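Novice: The chain contents come next:
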Amino acid sequence: MSVRRFAAMGCEIVVSGVDDAAYRATGRLFAERERIFSRFRADSELNRVNRRGGRSVFVSTQFSSMLAIALDAARETDGLVDPTLARALEGAGYDADFTQLRDDGRPPAPGGTGRWRDIRLVGRHALLPAGVQLDLNGVVKGKTVDDSLALLAGDAFVCAGGDLAVRGGAVVGLPGGGTVRLVRGGLATSGSDRRRWMRGGLAQHHLIDPRTGSPSRSCWRQVTACGATCLAADIAAKAAFLLGEDGPDWLDANRIPGRFVAAEGNVHANASWRRSLEQELLCT
Amino acid sequence: MKTLGASQDFLIFVCFTDNLMEAQGVSARERAPLATPGRIDAAWRRARLAKIGLAGLAALGFGAWMGLARATYAGHAKHDVRPLSIPQPLYRVVRRNLLQAGILAPATAPPDASTSSS
Numbered sequence: 044m045s046v047r048r049f050a051a052m053g054c055e056i057v058v059s060g061v062d063d064a065a066y067r068a069t070g071r072l073f074a075e076r077e078r079i080f081s082r083f084r085a086d087s088e089l090n091r092v093n094r095r096g097g098r099s100v101f102v103s104t105q106f107s108s109m110l111a112i113a114l115d116a117a118r119e120t121d122g123l124v125d126p127t128l129a130r131a132l133e134g135a136g137y138d139a140d141f142t143q144l145r146d147d148g149r150p151p152a153p154g155g156t157g158r159w160r161d162i163r164l165v166g167r168h169a170l171l172p173a174g175v176q177l178d179l180n181g182v183v184k185g186k187t188v189d190d191s192l193a194l195l196a197g198d199a200f201v202c203a204g205g206d207l208a209v210r211g212g213a214v215v216g217l218p219g220g221g222t223v224r225l226v227r228g229g230l231a232t233s234g235s236d237r238r239r240w241m242r243g244g245l246a247q248h249h250l251i252d253p254r255t256g257s258p259s260r261s262c263w264r265q266v267t268a269c270g271a272t273c274l275a276a277d278i279a280a281k282a283a284f285l286l287g288e289d290g291p292d293w294l295d296a297n298r299i300p301g302r303f304v305a306a307e308g309n310v311h312a313n314a315s316w317r318r319s320l321e322q323e324l325l326c327t
Numbered sequence: 022m023k024t025l026g027a028s029q030d031f032l033i034f035v036c037f038t039d040n041l042m043e044a045q046g047v048s049a050r051e052r053a054p055l056a057t058p059g060r061i062d063a064a065w066r067r068a069r070l071a072k073i074g075l076a077g078l079a080a081l082g083f084g085a086w087m088g089l090a091r092a093t094y095a096g097h098a099k100h101d102v103r104p105l106s107i108p109q110p111l112y113r114v115v116r117r118n119l120l121q122a123g124i125l126a127p128a129t130a131p132p133d134a135s136t137s138s139s
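Line by line, the protein sequences are chains W and D. Convert by adding 43 to the 1-based position in the first sequence; the result is the number in this note's numbering. Convert by adding 21 to the 1-based position in the second sequence; the result is the number in this note's numbering.
Since the hints were derived computationally from the structure, they do not count as laboratory data. As the structure is a computational prediction, the values presented were derived from the model and not from experiment. For every residue, glycine included, the Cβ atom is placed at its ideal position computed from N, Cα and C. Watch out, some of these pointers could steer you wrong.
Stated by the list, open to error - Now the in silico label distances, taken between C-beta atoms and shown as ranges:
id, chain 1, residue 1, chain 2, residue 2, range
1, D, THR129, W, PHE141, 34 to 40 Å
2, D, PRO108, W, GLY211, 52 to 58 Å
3, W, ARG95, D, GLY96, 51 to 57 Å
4, D, THR129, W, GLU55, 40 to 46 Å
5, D, ALA92, W, ALA193, 52 to 58 Å
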């Protein structure tokens, strides 16, 4: 299976089973989504919307549908995957492209808690309360991976910095060691081991707990979830990470396979993960 | 147009009744004195009481009818009105549409890709 790579959204994109036209289309899609949803581009639509807090703003079709997905994700996770944490991220020090982050000695400022319920979206009219800023990164990358896979014909996979969607199956390496075959859907990992930086001498990471407005103090280092799509897997992995000890049971309640790597390195698979592998073994 | 007062109406009615009785051959002695002030006042009182009574009965009847209607008529709410919301069973089904699981199997080959924190 031929594999091609390019950089977008601050990570490496790996695409398999593509011809030149499909590869270019995938690259264009990632570039377009980055142009619309980047927090670090002054001319992005996201920043235009964030600057108009407290006033209704007419947004593009792509933006409104992505915001609708983000609000659905917040609803489905009871607010754990919240799109209104941009200020909290900035307060923690993630206020520039990740490669440019430096510890400038300032202490981290606790950001506001999640306020996704205050956002109004009617058609293509969005209204953010004053003081609320969006960060749609929680859904944009997963959705773009899924949309990229839809551009490809036949068996293929798309992987963006570890978030993966597959058609026709692929064997995937897992955090903490081990592999698994992803037969259908998506696999995503959320963790505090990457995108870490220092602020005022304190370690920070990008997974903000919407209940506190600060980086999560989850007992897990990495959580991998398997969803029907990459977006579903990404949402499930983030929510399970933020839930800490309750994460495995929450994924089981939603029948989503999840694999957890604890801070000390122990690997724990939830019942759905174990069951799905056992069932597959029984069938074969 | 000038409207007549209630007492003027009554006097006109009395005159009309006198003329009618004369026309029917009833003598003046046989007739009872109809227009004495005491009887007029008493009649007004009775009329006023009757009006109040009727209004009270109508209000009571309306209230009773409304209460019965609320309690029995199919189109009326039987309890406090609450905002419309999606029924919880449907909500749970819709929720599961986004949070759906993929399919995993044991690996039988070297990895094509790897998942890691992003």
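Novice: Run every hint past the structure and note whether it holds.
Specialist: The hints, checked one at a time:
In this structure the hint that D/THR129 and W/PHE141 lie 34 to 40 Å apart at CB holds, the actual value being about 36 Å. Checking the proposed 52 to 58 Å range against D/PRO108 and W/GLY211 shows it is violated: the Cβ atoms sit about 38 Å from each other. At about 45 Å, the CB distance of W/ARG95 to D/GLY96 disagrees with the hint of 51 to 57 Å. Remark: the range hint 40 to 46 Å for D/THR129 to W/GLU55 is contradicted by a beta-carbon distance near 26 Å.
Range check, D/ALA92 to W/ALA193: about 57 Å between beta-carbon atoms, so the 52 to 58 Å window is met.
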